[in-house]
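Visitor: These are the residues of each chain, in order.
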Amino acid sequence: MAISRSTYGTRRLAFVLFACLLIALFLLPSQSQRLLQYVGGPLGQVLSLPLAAFSSVDHGISETWNGYVALQTVHEENRQLRRDIDLLKGQNNQLRESVAAAQRYETLLNFKQQAPSQTVAAQVIGRDATNWYRGMILNKGESDGVRPEMGVVTPAGVVGRIVKTNSTSSVVLLVTDPNNAIAGVVQRTRDEGIVEGTSNGRARLKYIPLLSRVQAGDRVVTSGLTGAFPRGLSIGGLTQVEKSEGDLFQSAEIEPEVDLSKLDEVLIITAPYEDAEAAQKLLQEIHGDRKKP
Amino acid sequence: MKFLLYLLLALVVVPFQTTLLHYLSVFGVRPDLGLVAACLVGFLGGELDGLILGLILGCFQDMLSAGDLWINVVTKGGSGFLAGLAGRHMAHITPAVMTAGLAIISCLSSAVFLYSLNPAGLDEVWLGVRSTIVVQAGLDAAVGAGLYLLFRQRWSDDRMVTEGTL
Numbered sequence: 001m002a003i004s005r006s007t008y009g010t011r012r013l014a015f016v017l018f019a020c021l022l023i024a025l026f027l028l029p030s031q032s033q034r035l036l037q038y039v040g041g042p043l044g045q046v047l048s049l050p051l052a053a054f055s056s057v058d059h060g061i062s063e064t065w066n067g068y069v070a071l072q073t074v075h076e077e078n079r080q081l082r083r084d085i086d087l088l089k090g091q092n093n094q095l096r097e098s099v100a101a102a103q104r105y106e107t108l109l110n111f112k113q114q115a116p117s118q119t120v121a122a123q124v125i126g127r128d129a130t131n132w133y134r135g136m137i138l139n140k141g142e143s144d145g146v147r148p149e150m151g152v153v154t155p156a157g158v159v160g161r162i163v164k165t166n167s168t169s170s171v172v173l174l175v176t177d178p179n180n181a182i183a184g185v186v187q188r189t190r191d192e193g194i195v196e197g198t199s200n201g202r203a204r205l206k207y208i209p210l211l212s213r214v215q216a217g218d219r220v221v222t223s224g225l226t227g228a229f230p231r232g233l234s235i236g237g238l239t240q241v242e243k244s245e246g247d248l249f250q251s252a253e254i255e256p257e258v259d260l261s262k263l264d265e266v267l268i269i270t271a272p273y274e275d276a277e278a279a280q281k282l283l284q285e286i287h288g289d290r291k292k293p
Numbered sequence: 001m002k003f004l005l006y007l008l009l010a011l012v013v014v015p016f017q018t019t020l021l022h023y024l025s026v027f028g029v030r031p032d033l034g035l036v037a038a039c040l041v042g043f044l045g046g047e048l049d050g051l052i053l054g055l056i057l058g059c060f061q062d063m064l065s066a067g068d069l070w071i072n073v074v075t076k077g078g079s080g081f082l083a084g085l086a087g088r089h090m091a092h093i094t095p096a097v098m099t100a101g102l103a104i105i106s107c108l109s110s111a112v113f114l115y116s117l118n119p120a121g122l123d124e125v126w127l128g129v130r131s132t133i134v135v136q137a138g139l140d141a142a143v144g145a146g147l148y149l150l151f152r153q154r155w156s157d158d159r160m161v162t163e164g165t166l
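These protein sequence lines map, in sequence, to chains A and B.
The numbering of the first sequence is our numbering, which starts it at 1 and goes up by one.
The numbering of the second sequence is our numbering, which starts it at 1 and goes up by one.
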């Protein structure tokens, strides 16, 4: 089949256009990012219409498929049971966290009773546009008060954090993505570390002190020391602890608590603590308590 | 006019990619319809058409991806441009040529993504190549060749739209 021939002028125009784009992106990265973000605002609104339409088709397909394959009643019952399990997991984890905290910090018990975080419920409407990031698209954006760096959870545990927003939707980077980092703490030993995603779709707790006695089966929860998540939200369970000779820290593989492949609804934490001053006090008290012999 | 057409195409392709394409995933990897569309238009319409469509698609994809805002713009725009350059040097495009061309461009585009992720070592590079680049290249090539065969009548000589009317 013959192909169309472009004229020398258009070829040159295309080349100049692409060269200018590359130069702008590499020489003025922050300015060009800002420009792209600025352009993205109105484009996001335009894009939200077909996105919502395709998303409803997707939900329709999955609903119909699940209904026919697994029979309607069984599917509904299963869904209800899953919801219950998620809720119970969340409650169970909170209770464990409460017990652990009570044993160590009696004085902080009052703070543990503080009001829960402010959250916004959102629906998962799509997956990351590329194969290179583990992300999901949510149907809530800046108009609903969602901002980058906010935490995303389900009753069972941590899902990830918001990395991009436009007026009607937002992108959440999952806890299993290697670019994600969340401050975590081992519930039993109270050793802190950083939870990062791995290439194989799991997560890893890094920078565990060398003398720590963490072991497989220990649970990891959010430490609350970063802004996105309150303390005590479940991240997952340790499956394997690695201690290499010569390393300054241990690391451990985590099986995430939430099944990230089957998410439909999530909660976005818009304010990790109801009262920011109380949170600040809590942090100060934790640090003060650690300094005591 | 063509610009509007490309805009409409992007408004269909990108939401489709993010919402429904997971049904076609192989080993968790989905074909990149944005890349396929930019390459097809580049191959058959020329560098400028490929570049423009690639930039629009890339811009939309960046908005719905957790990566940096530039990466899809550059890779999709570059892919369309590169496909246009490649298409200019070919007298006839056959499905086999289209398949090979798409696979190569997909690999190049994926290599940019892999590089941007700063892999920690050779193991991670190899994992990225094995688990994503090769599979995606195969899927992109297959989808591109399929679309080309499906629509080849539309691109027959007498219906060819010449570039420059953008």
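Bear in mind the hints are in silico, worked out from the structure with no lab data behind them.
Heads up, a few of these hints could be off.
[As the list claims (entries may be wrong)] Quick list of in silico lysine to aspartate or glutamate cross-link-like pairs, DMTMM-like style, CA-CA up to 25 Å: (1) Lys206(A) / Asp264(A); (2) Lys243(A) / Asp123(B); (3) Lys89(A) / Glu245(A); (4) Lys243(A) / Asp68(B); (5) Lys206(A) / Glu77(A); (6) Lys243(A) / Glu124(B); (7) Lys206(A) / Glu124(B); (8) Lys262(A) / Asp247(A).
Visitor: Hint by hint, note whether the structure agrees.
Guide: Results for each hint:
1. Lys206(A) / Asp264(A): violated (29 Å)
2. Lys243(A) / Asp123(B): With Cα atoms ~19 Å apart, lysine 243(A) and aspartate 123(B) stay inside 25 Å; holds.
3. Lys89(A) / Glu245(A): violated (36 Å)
4. Lys243(A) / Asp68(B): Measuring from Cα to Cα gives roughly 34 Å; hence the hint is violated.
5. Lys206(A) / Glu77(A): Measuring from Cα to Cα gives roughly 39 Å; hence the hint is violated.
6. Lys243(A) / Glu124(B): holds (20 Å)
7. Lys206(A) / Glu124(B): This hinted pair holds, its Cα atoms lying about 17 Å apart.
8. Lys262(A) / Asp247(A): Violated. Lysine 262(A) to aspartate 247(A) sits at ~37 Å, over the 25 Å cutoff.
The structure shown violates the earlier hints numbered 1, 3, 4, 5, 8.
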